[in-house]
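With the hints as your guide, set chains P, H, A, R and X onto chain F.
Number of protein chains: 6
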Amino acid sequence: MTQNSEKTLVQSQLTHLNVEGEARMVDISAKVATKRQAIAAGQVRMLQTTFEAILAGNAPKGDVLAISRIAGIMAAKQTSQLIPLCHPLPLQKVEVHITPDPELPGFQIRASVITKGETGVEMEALTAVSVAALTLYDMAKGLEKSIEIESIRLLRKSGGKSGDYISSEK
Amino acid sequence: MTQNSEKTLVQSQLTHLNVEGEARMVDISAKVATKRQAIAAGQVRMLQTTFEAILAGNAPKGDVLAISRIAGIMAAKQTSQLIPLCHPLPLQKVEVHITPDPELPGFQIRASVITKGETGVEMEALTAVSVAALTLYDMAKGLEKSIEIESIRLLRKSGGKSGDYISSEK
Amino acid sequence: MTQNSEKTLVQSQLTHLNVEGEARMVDISAKVATKRQAIAAGQVRMLQTTFEAILAGNAPKGDVLAISRIAGIMAAKQTSQLIPLCHPLPLQKVEVHITPDPELPGFQIRASVITKGETGVEMEALTAVSVAALTLYDMAKGLEKSIEIESIRLLRKSGGKSGDYISSEK
Amino acid sequence: MTQNSEKTLVQSQLTHLNVEGEARMVDISAKVATKRQAIAAGQVRMLQTTFEAILAGNAPKGDVLAISRIAGIMAAKQTSQLIPLCHPLPLQKVEVHITPDPELPGFQIRASVITKGETGVEMEALTAVSVAALTLYDMAKGLEKSIEIESIRLLRKSGGKSGDYISSEK
Amino acid sequence: MTQNSEKTLVQSQLTHLNVEGEARMVDISAKVATKRQAIAAGQVRMLQTTFEAILAGNAPKGDVLAISRIAGIMAAKQTSQLIPLCHPLPLQKVEVHITPDPELPGFQIRASVITKGETGVEMEALTAVSVAALTLYDMAKGLEKSIEIESIRLLRKSGGKSGDYISSEK
Amino acid sequence: MTQNSEKTLVQSQLTHLNVEGEARMVDISAKVATKRQAIAAGQVRMLQTTFEAILAGNAPKGDVLAISRIAGIMAAKQTSQLIPLCHPLPLQKVEVHITPDPELPGFQIRASVITKGETGVEMEALTAVSVAALTLYDMAKGLEKSIEIESIRLLRKSGGKSGDYISSEK
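Protein chains in written order, with our numbering: chain F, -19 to 150; chain P, -19 to 150; chain H, -19 to 150; chain A, -19 to 150; chain R, -19 to 150; chain X, -19 to 150.
Same shape as in the complex, but just chain F (with noise of 0.2 Å):
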């Protein structure tokens, strides 16, 4: 394969890059601003005392998780600041859950982001999901230095030219 030819195949598939292999941020003007949906999740794992110290730091009025969902949302805004090449793109939903998960035994966290723009919010959702799992970890790394942050994914995405996508986790 000549070199050209190749430069024009990454082009093709790394949309952030020129045909010099240069960053950019791509441009969607030609794109059409639609109502698009992202959905991501993940989860903190920790050791048992440590969640119970958690759930118990939270128990009525406690603002554990609170935290964590409010960090998580004022993230989801910042994306495109923390992300190189992310456009900047007006949000209209930004929802963060997060439950105690005894089986892990830990948290699970996830963002829900809806734009009318002309590019996805994947970002935007997963960066709810891993600013939320960072506070969470903070909170309680005074208990544990163990704690781990894992399978952080997009669960699904609509809207857009793309098409829809679920991810075939059960």
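Note: identical chains are not told apart, hence a pair may lie in one copy or across any two.
With a Cα cut of at most 25 Å, we get these calculated DSS-like pairs of lysine-lysine:
(1) 141 to 11
(2) 73 to 141
(3) 141 to 125
(4) 15 to 125
(5) 73 to 15
(6) 11 to 121
(7) 73 to 11
Read the hints as simulated data drawn from the structure, not as lab findings. All of these numbers come straight from a predicted model, not from anything done at the bench.
Coordinates of chains P, H, A, R and X only, in the frame set by chain F:
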């Protein structure tokens, strides 16, 4: 257990909460500013074809991994604005390494942060890893929707009164 | 009243909470983007001597009031990053007026904001007033510790389906 | 009084201006970094029905007051980016308390901030109060347009060469 | 000329000022959102030895120019937070090119920005060029103190009612 | 020259790159925090008619130059968030001067920054000058499209182990 004694317990466990269970940025003014380091890691798993496209995009002069490294470094500096109860700290070093891992397949990310401050920089290192991973995801999301960010965790931590920590992973 | 019916009630009243009482940035994607305006006001009360020093500092070419005006305008653009559940909105106009009020003595601040968005800009106008007031306070705090920021409120609001509002003050 | 002597007077009074009356972030490099604390307060007045709706929304596990507390804490960390001539300072503690006040009716807000820096943290405490108040307003603005933020002021201040300050209010 | 007629003149010339000469973010709500593009340029001049060191640092896989490109792209997204009276605009494309210029010696920087908004993106393109130049400077400042950023200017602009502009340079 | 020895050379020259040529925020934790100052300058050249309009707009109480000064001061505080590999530093002083220069015609901008930190503040001073210049451009761009920002450079630098620097310009 009376409600009062439980509150005291919670407080001693989750320092980010006061005795009422309310969020606070805890007082560290009595602590001494000393050199502290944290190293965190994580990985991004993807399909073999996606992995190869990124490596190709990173071929001589391609910006792919540079974008992720830089996003991670810049995010470390934003940590206290993303994580609600993190103290703003001076950062004397931030370094992010991204290594292709054909076994995964995907990429291993590692961040190392140093401060001369009154508290540790675990969150800064973990935030750098998370945002570097999200940026790599963003580069490749046009190719694959099932990419997953995994195992964001603390590898080691030194400095400060609470002693050093080295994760038990081999 | 059963707990369930109470939840429904709360939800209908505080749209920033879901039925579980959890924070969310509520979905406005079904609303139409139309021109909306909000005007807010507030005042900064100080001693007569402080008031005169600021007026003197603002004498020909002094930057005193300009600094406050500009801080208010810039803060309006930051509103969605300061107020956790505010939607990021395009702003088509921000204007801040600061008027000396010898009766107070002190300064009257008024901010006017226009968007073409799916929700109103009350918070942007109120944030502009608040930060302009804080900036005026900052200028004068070396002279007096008893300065007070008072009466930050919405004066009027137009556009949107919920109808116009004009405060009843004379 | 000649124009020149007036300039000198202004300068000695408003340290944020140079002799030309121009804005500057004044040089504090000769000052010593010591522990300094500031406590500020403010209140949000609303109708009885609004007050009760917020209290209901904050019923077991509701996030209402947590959102305001966290917004206030995060805003304290943004102070030097909101107030043009504020020095960026390390913050060793930020705490925000919000108390229902049935007499008002409404909420009392109090913020306490500590730095080990070359200048005080009055503006950080006042900014935390202001943004916590704005966030409370934002939560309730769907219920009432006549909410008012009142009496944002410094309660006390300690540390630094200029001596301590305790407001004269009872 | 009377003072009043002068004020009117100023206003018609500097739209960022009201009739009182006070700063404002001018009302563009009556304008139509259309596609608008701006291209800006600038250059960084340095010693021959510095120039060669940067080229060597950018040798296969070096991040030097990538860092500048990315900094420029990210800065374009921050424009309305840096330039006080700039309207926040959606950006549909940002691209930054950096070309070694052995004649200078140094680097030529060019940024191209597209919006679908009510006003142009000259400032976004100029900000991208400026910050890319500053970043290049930062990389090389350990080698040379006499680096100079030169000739930041608008090359062309299209879209909007005021007509297209093409700079007269050859 | 072998590839390995070249790498070592690059590293010693561009401290922002590691031996692999990868971006990093270099470790300065071994350096001592001392007082350091930097002064930078630049100019904005425009047509005579534009120059006169700005001077008129700045006539008694006009905000024109104040806006630029304040934008420059605020930008200095944002430097480490704009320039990817800059260390976040405390800033003890930022001052921006803007002087009309009828010879140019246009404006001379000069920024002076002081830190008590482990590394210098050249980038903070240069960023202040750049953003002050961009803001002046923004004020006048409605009048003229051919404005040019020129000659952004370091005038002097003192403090730190590398010795003082004074530019050779007369």
